[in-house]
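S.K.: Top line first, the protein sequences correspond to chains A and B. Counting in UniProt numbering, the first sequence tops out at residue 300, every number present. Counting in UniProt numbering, the second sequence tops out at residue 300, every number present.
Simulated from the structure, these hints should not be mistaken for laboratory data. Don't take every hint at face value.
[Unchecked claim] Interface residues of chain B toward chain A, partial, derived using beta-carbon atoms under 8 Å: (1) GLY66; (2) HIS71; (3) GLU118; (4) TYR123.
[Said to hold, decoys possible] Rough simulated footprint, nothing fancy, chain A against chain B, three-plus residues with beta-carbon under 8 Å: (5) 59-65; (6) 108-114; (7) 139-146; (8) 259-271.
All C-beta atoms, glycine included, are put in the ideal place defined by N, C-alpha and C.
Protein chains: 2
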Amino acid sequence: MTKHPFSGSLPPLLSESRNPAMCQLLGMNCNTPTDIVFSFEGFRRRGGLTDHHADGFGIGFFENRGVRLFHDDQPSAHSPVADLIRAYQIKSENVIAHIRKATQGRAELVNTHPFIREMWGEYWLFAHNGHLENFRPALGQYYRPVGGTDSERAFCHILEELRQRFDSKPPAPVLFEALAELTARIRCHGLFNFMLANGDILFAHASTLLHYIVRQAPFGEAQLLDDDVTVDFAAVTTPNDRVAVIATLPLTGNETWTQLAVNELVAFRDGDIILRDRPAEPKYLPVAEGLALARAVGAV
Amino acid sequence: MTKHPFSGSLPPLLSESRNPAMCQLLGMNCNTPTDIVFSFEGFRRRGGLTDHHADGFGIGFFENRGVRLFHDDQPSAHSPVADLIRAYQIKSENVIAHIRKATQGRAELVNTHPFIREMWGEYWLFAHNGHLENFRPALGQYYRPVGGTDSERAFCHILEELRQRFDSKPPAPVLFEALAELTARIRCHGLFNFMLANGDILFAHASTLLHYIVRQAPFGEAQLLDDDVTVDFAAVTTPNDRVAVIATLPLTGNETWTQLAVNELVAFRDGDIILRDRPAEPKYLPVAEGLALARAVGAV
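So that you can see chain A by itself, here it is in the shape it has in the complex:
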């Protein structure tokens, strides 16, 4: 596993992560239904309290083939919907969440990630952090955007291309290869950090910043960066549990997160990476540089 460039250097990471000025992504993929409250608590506080993400948030939970989707145009730190999520402790094997800072499209509900569509008789969720320039694919036959974001256009374009190519779901490696090819084309248009999930697999792609951690036995204690909260995972898990958490920036300060390389695409299933497409000479962006890149294109 690639070491996160900041592992061991807690103070700079801590100070950076308290002031990251971009949209944030959070994903979870597990081998057993797990509640995301601990990770979500740190994440949600980046929406309006420890950060400037005041343009709404969304979170989608897969429960088997079903999806529970919550969107809010209130900042996540103060949202009653976020309060509900904390109180409800929904258990899921696959979660995608997004705190939105509007770069394209008005900050209204229709533009709030994650977006949802059905393909091959399954629901798919998609959330994007970044900014695509001059990305105007032709009107799709199967999938059309409803709102005005580059993100939803990218999602619909990905599904459209996959659906045109495959009438039913192909095996995971075939799907992964097709997605990698599409992703490589779309990221020419700008920053394209995204997560895409169907309840079984969670795909994650980094243009700039995306980190993950796989928690499994022996479980230890974790300390949230954005909050004075500690959780002892050993007390809330069984020895067979495996939970991958994926986030723009590490959420905990006392664990080692792995950074995705620039232009790396990975697929998680059952809490671990099953497929990966990493550039031959991987480049890992320092957090400050990643944030500067986001600022430069207005994704701040």
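With chain A held as given, fit chain B onto it using these hints.
M.R.: Quick look at chain B alone, frame taken from chain A:
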């Protein structure tokens, strides 16, 4: 306007509505964003308190082109999600809600109404109350069910047929006519009370029981049947507001609700009916008979 057969006879209606044994539908269509809390309060109590609907519920709110969708597999009377909806007072021009008693498909999240799909660059919501026998349309090109209900199959079939016929959204009267034709074919398979909405128009069709009321100035007081709650609409509306509420059974005891005829399809926009397709010799089902029909096919 057709008089509800029970208007003026409060006691029998009241006792019936406290024990209706079938799924329930609730819709709202308005000319200004309105909160549905008052109607939802009576409706939700039919899910586990005043009724036997303990298989979950769902509610979808349109906000312009966006949708806020809440699903829960807990009975609506006790659901934290329903508590949130009460506390949050979401204002919407178009709402569809459903309390589910499973007849086909397991009572899990994926089978919870309303279902959502995108068509012609708009989101569509659908909820069904009833039971379709031997309804197995061929696998769609554009729309495929994810769960195992007759209801989602009917929704996907309607969208598939409309999408095959129209590449972009036709004018409302053309769409209405196509939907009426499709509905007439599908209802041959059984009970097909449904609501379908795209944020602009709300279509409602009755096989057995569906009632509506259009509230407009001068607004009066309304008293919920299922709860000791009264609201003075004059105090919470402006003189230009117009709000249509559609429900399986009337929700209030001191207002006159209009019943839809058996096999009647109507379209609401801006809080009023703009299109209707009613049989030449309309038949209005007494509530007891409608409930008995539902029981006979297992939609109890």
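S.K.: If a hint holds in the structure, say so; if it does not, say that too.
M.R.: Verification of the supplied hints:
1. At its closest, the beta carbon of B/GLY66 sits 3 Å from a beta carbon of chain A; the interface hint therefore holds under the 8 Å criterion.
2. Using the Cβ-Cβ criterion of 8 Å, the hint placing B/HIS71 at the interface with chain A is satisfied: the shortest such distance is roughly 6 Å.
3. Restraint check, B/GLU118 versus chain A: the minimum CB separation of about 6 Å is within 8 Å; hint holds.
4. Here the hint on B/TYR123 is kept, as its CB sits about 6 Å from the closest CB of chain A, short of 8 Å.
5. Coverage of the stretch 59-65 of chain B by chain A holds [criterion: at least 3 residues with CB-CB distance below 8 Å; count 3].
6. Counting residues of the stretch 108-114 of chain B whose beta-carbon sits less than 8 Å from any beta-carbon of chain A gives 5, enough to reach three: the coverage restraint holds.
7. Given as covered by chain A, the stretch 139-146 of chain B passes the check, having 5 residues with a CB less than 8 Å from a CB of that chain where 3 are the minimum.
8. For the stretch 259-271 of chain B, the assignment as covered by chain A is violated, since 0 residues bring a beta-carbon within under 8 Å of that chain's beta-carbons and 3 are needed.
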